[in-house]
Structure formats: structure tokens, C-alpha cells
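Those protein sequence lines, which keep their order, are chains S and A. When the letters of the first sequence are read in order and numbered with my numbering, they come out as residues 911 to 1207. When the letters of the second sequence are read in order and numbered with my numbering, they come out as residues 35 to 438.
Bear in mind the hints are in silico, worked out from the structure with no lab data behind them. It cannot be assumed that every hint is accurate.
Within a straight-line C-alpha distance of at most 30 Å, the following computed DSSO-like cross-link-like pairs (lysine-lysine) qualify [claimed, not checked]:
hint : chain 1 : residue 1 : chain 2 : residue 2
1    : S       : K1036     : A       : K98
2    : A       : K425      : S       : K1025
3    : A       : K37       : S       : K995
4    : A       : K44       : A       : K98
5    : S       : K982      : A       : K416
6    : A       : K425      : S       : K920
Just so it is clear, the structure is predicted and the values come from calculations on it, not from any experiment.
Here's the letter readout for the chains.
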Amino acid sequence: MIQLTELTKKFGDKIAVDHMNMSLNPGQVMGLIGQNGAGKTTTFRMILNFIAPTSGTITWNNQPITQQDKQKIGFLPEERGLYQKLTIEEQVLYFAELHGMRRSDARTALADWLKRLDVVGKATDKVQSLSKGNAQKVQMIAALIFNPELIILDEPFSGLDPVNTSIMMHEIIRMRDQGAMIIFSSHDMDNVTKISDNLTMLKKGQVILQGGVQEIREQFGRTRIYVEGPFTQTELAQLPGVDHITPQGAGFDLVVTDEAVGHDIFNYVTRNGYIPAFSQQPPTLDDIFRQEVAHNA
Amino acid sequence: MPKGLMIVIKQTYRNHFKSRGYWLLVLSPLIFTGITFGVTKMQGNTTPNVAVIGNPAVRQVMMKSEKGLDLKVSAITSAAAATKALDKQTLDGMLTFDTHGATLTTQPKSNKINQEAISSILGNLARTQKAAQYGLTPEQTQALVQPYQLKAVVKQADNRTTNGDNSSMTNYGMAVAIGVITLAVVMWYTSMIATEIANEKSSRIMETLLAATSSNIQYFGKIIGIFALALTHMILYLAAGTLAYIIFKNNAVVTGIAHNFSGITVGFTVYAVCFILVAVALYLVLTAIIASLVNDNSQVQQAVGPVTLLAMIGYFFSYFMTNMPNNIAIKILSYVPFISQSMMPVRLVTKVETWPAGIIALLIAIITLLILAWFGRRIYAKNVLSYSDDKIMSQLIKNIKRRD
């Protein structure tokens, strides 16, 4: 288990990470979300021992992370970097070796990874000949080929098209199912919702939300209603408890002040019988994120 | 040796060894030497062909001295035929005589004729003839024309003497060889290690590398890997030199070089090589430290510039010192790391310094290397993942001052 306790990092007067607590068990995915400069990358850098915490501790199975432990960490940095003049194979084999994997094993595994991630090109192709998406996949392979026990992915989906994003997400889930602990940061709340078991929301270095994705959403109450039917926007806006309303496709998105009014709204919109859609949900992570950012601004 | 260190060394070595750039670096001086040799050979026979007209006695003497004069006396003996041959440019020179002396006529495309040697031999002949006219005996004549003998001898502390001419040539050769080797290796390989580190840092590969290994392993792995490449380079040249010597050992130039270096012992050679290697390692460590401060490849030259300047100081001093061995500044600089490799070996071989002094200078360089490498790993670790807009040298000074 990875445990971050009261982790703090100051750069001069600026507090980058402020008394963060976080734990992660094998087979769990932790999504780290926050605006740029919220402290996500600084947290990763402290776990990887690139920088020392000002205070607090980071432990792996109740022990400080050693150099040997680091070999079991797969890391995909936010700013991607590969040796342009090397071939895919030379590149991946080098990183795999640094993580303690035998070259022959890495070579065998690489063929499988290239196929699974649908990398266009051969293992003998130079990285400089690859498209951005394929280069990103190669970097992902380099970070994961040795089956790391802890995986740190800094913005793993940035710059990827939906198909490649889906491939990457599938691999993250596969690694999780094999028992890896995964921490990743993303600005795409939809992806965070799909693959995270838990999330930590950071703002200016402070943890403002933490817990299971559904649990956090439920904390905000089921205040979002989507309804389709023969109603006008004015008519719905005048219902008690409706804070505001937005047309959405064939229906309307309603934000209500209290989830309890959902029952009354349901009765009203179905008073004449069947309607095509009625859904009462907690706010999305995206909504929560925007709300929290605005709230704490 | 930690496994990670071995992997980084191997990767650094392998990447460069397989690159076209490395082989261009290794082969270009050899190709240049080969081309120069080939061009010289293609020039064909350059021995000048000289006709000696109107003085059979002189002609006979010159024919006997062809080798010393570095010319061939032509079969032509008439002025008309020689003039015609000069016009056709089939003759390089025509030597004619009158009461005042001799005239050497050449044509625009003549091969170079050693006029001093001809003048000397004609002078001797003239003096011999005049001596005969004055009634001197052949022995008296011989004594008269015999040049004054001045033998150059260097008195050594161990009461041995060495041939002065040979010794000074060796000194000069050693100074040039050590200076050139160190400067060339330093310029080639400091640039290589700086580019390697700058590339990994600017492309953010460094973050991926340091996620798996420590900065110490990256730092020492790169230095040792590049050092091994420099060593390979030198071994390849040594092998090429040995092969060239075996093939061309009868060549006049090769014989001359071998003669000049004949006074150098195996012990000294080992010492000089050790000094060069320690110096190269010193420069690589210094460059690795400075390169950790750059943000991207565009700053590589800014980082390497001061290092190569330092190497050039040693190179230039190695020239000055042969003329002023007792200068106190030069004596002190002979012990200063980064410069001593160009000075102390030469001072040692010329017996200006003794072996204990030579060993002390080498030990100072080795200790400096160890301290710099140990100290540098801290600066490297601190900066290799940070990016600053400050100038490289001001960053370096800040790092040296900062203790945390």
C-alpha cells in the first residue's frame, strides 16, 4: 500500500502541496484532479523522490520508498520525451532494463504490447518516424512493459484521439486488474469517472475532495435532473426548487436546490402519463470541479 | 558495480558507438591523413633534374653528391640542349659558370632545387681549388674546408648526457603530441557528453530515466560511457598507428618520427597516457556538471565554451614552456589540474622535473578528479530536473555557494 501522510512541499513562500493525505491499495486507481498548478505533478515528483517533501512522509508497505522500490514504479511524465534517434525496440528495452527486466523478456513482451496498443510501425522503426499518438503509445509501453506494481501517469490522455484514449484506458484497467496501484492525473473528468476507484481533488495544494467517485458525487445530492417531454423552458423554470434550467438536446437540464424536490418535479412532468426521459443524478465530476474551483477562488 | 550503472554505461557507449557521428569523428582524421599522403604520392618524382654545363669537374663532384644535394645530374652537357630542355620543361635547372661564380637557371614548373646545398658544395670546391693554387697539401686543404664542429649536449642530473638535437626534437614532439591529443579528445568528448545530457534534459527523457534509477547512476554512467568511447577512440588510433608503422616503417618520414621518439621510455609513456586519461576524465566530469544546468540543446555551446577554453590554456602553455622551463608560473601550472597534463609530462621527459614531482602532479589530478566527481553528483542531482532562466555560470556559482 502507498501511503502519503501530511505531505507538504514549499518552494520558498509558496506552498505547492499542503498536508496531503492519501492511500492507495493494490488493484486500485486513484484519479488526481485539479487545475494547472494545483500540486499534482509536485505530488508525483515527491513520490518518485525527484524532490524531497518539506514535511510529511511517503511510504510503501509502511517503509520509505527505496531505490529498489523505484524500479517497480512505472512513470509516464506529463511532458513526453523519447530518444528520437533510437528505434522503438532500443528505447523500450533500455527503459525495461533499467527497471530490472531482462532484455530478452522485454523483447518478447514488446511484440505483444505493440500489437495490443495498435502501434503503427515496426519495433525497428526509429521514434522520430512515429506520429505523436504512436510515440505516446511507445512511451506508455516503456512505462508499463515491466509490469510495475505502482503506476504514475501524469496526464496520460492528453493529445490522444478518442480511439487511442480508449486503448490507453483499457490498458490501465488491465494493469489494475493485475493488481497494480495506479495514480493518474487528468483534466478530462469523463475519463477520471470511468476508470478511477477513488479521486483526490486538489486546489492550490490542498485536498478539497477525496473519496470514491460515486461517493463524492452523492455528497452533492441528486441535484441534476434531465427531462424530456412536452414542456416549455419557462414552465419548468417556474417549478419550486428549480435553480436554473438549460436546454439540452431534445430535453432540459435542471439544477435543483434540494434533491427532495425531484419527487415533486417527477409527479408534475408525468401528470399526464408517459414521458420519454426523466433522470435524477448527482452532479458530474466536471460540474463538481467547476463548482469547487469557483467556490474556492 | 551496480547493475543500473552498467546498463547506463552500456547504453551510452552503444548509442554513440553505433552512430554515424562517432565514426565520422574517428575516421575523419585518418581519412584526412590518408588523403594528404595520397596527394603527396600522386605528385610523383619530385627530385629535380639539373644540367651542369661547362665544368666537368664540378659535374663529377655533383654526381657523386646527388643524394646529399637531393637532385639528379642530367646527362645534358651542352648549354643549347639544356636551354631547349628548359623551354620544353623537361629539365628543372641549368647550372652554368663564369669567372665570378655560377648561375642556376630554372623554369616556372621546376621542382624545388636545394640552392643552399649547391652553393655549399660549390664553395667547398672553389676553396679547394684556391688552396691548391696556394700550394697547400691535401691535408691542409681538408682541414681548411672542414666545418667547425659544435656538438649540443644536455647535462642531466644523473650524470648521463643526451644528444641535444634529438632531445629538443623529442621535447617539442612530446609537447605537441600531448597537447594536441588532450585538446582534441577534450573538445570532441565534452561536446558529446554535454549534448547527451542537454538532450535528455530538454526532451524530458531525464524524468523517465530518474524514475527508474538514481541521478548518481545516470551521472556516473554517462561519464564512464563517454570516457569508454574516448578510450576506444584512442585505442583505434593506436592500432591504426601501429599498422601504419608496420606497413610504412621504411618510409623516411616514419623513420624520422620513430628516431625523434626513440628516447622515450615505456615508463614515461605509461605515465603520459595515465595523465591524459585522468585529464579527459576531469574535463568530462566538469562538463557533466555544467551541462546539468542547461535547459536545452541551444545552450550546449554556452556550457562547453569555458571548458574548451580551459583545455586550450594548457595547450598553449605546453608550447611556451619548452622555451622557458624555469619560469615560476609555468612551474606552478605544472601542478594545476586541467592544465598539468600538458605540462608536467613534458617537463618530466626533458628532465626539468624529477619523477617524484611528476607523480605528485598526477596524484593531485587524480584527487581533484575524485573530489570533483563526488561534489559534482550533488549539483547534477539538484539541477538535472530543474530549469532556470539564469545564465549557466551564475547558476553554477549559486550551486557552489548553496550548501543544502
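* Asked: Regarding the pair A:K44 and A:K98, is the alpha-carbon distance no greater than 30 Å?
  -> With Cα atoms ~64 Å apart, A:K44 and A:K98 exceed 30 Å; violated.
* Would you mind confirming whether the straight-line C-alpha gap from S:K982 to A:K416 stays at or under 30 Å? => Between S:K982 and A:K416 the Cα gap is close to 23 Å, so the pair holds against 30 Å.
* Mind checking the alpha carbons of S:K1036 and A:K98 for me, to see if they're no more than 30 Å apart? => 70 Å, violated
* Mind checking the alpha carbons of A:K425 and S:K920 for me, to see if they're no more than 30 Å apart? => Holds, because 25 Å separates the two Cα atoms, which is no more than 30 Å.
* Asked: Quick one, are A:K37 and S:K995 close enough, alpha carbons at most 30 Å?
  -> Holds, at about 25 Å.
* **30 Å Cα cutoff - pair A:K425, S:K1025** => Judged against 30 Å, a Cα distance of about 46 Å means the pair is violated.
The earlier numbered hints that this structure contradicts are 1, 2, 4.
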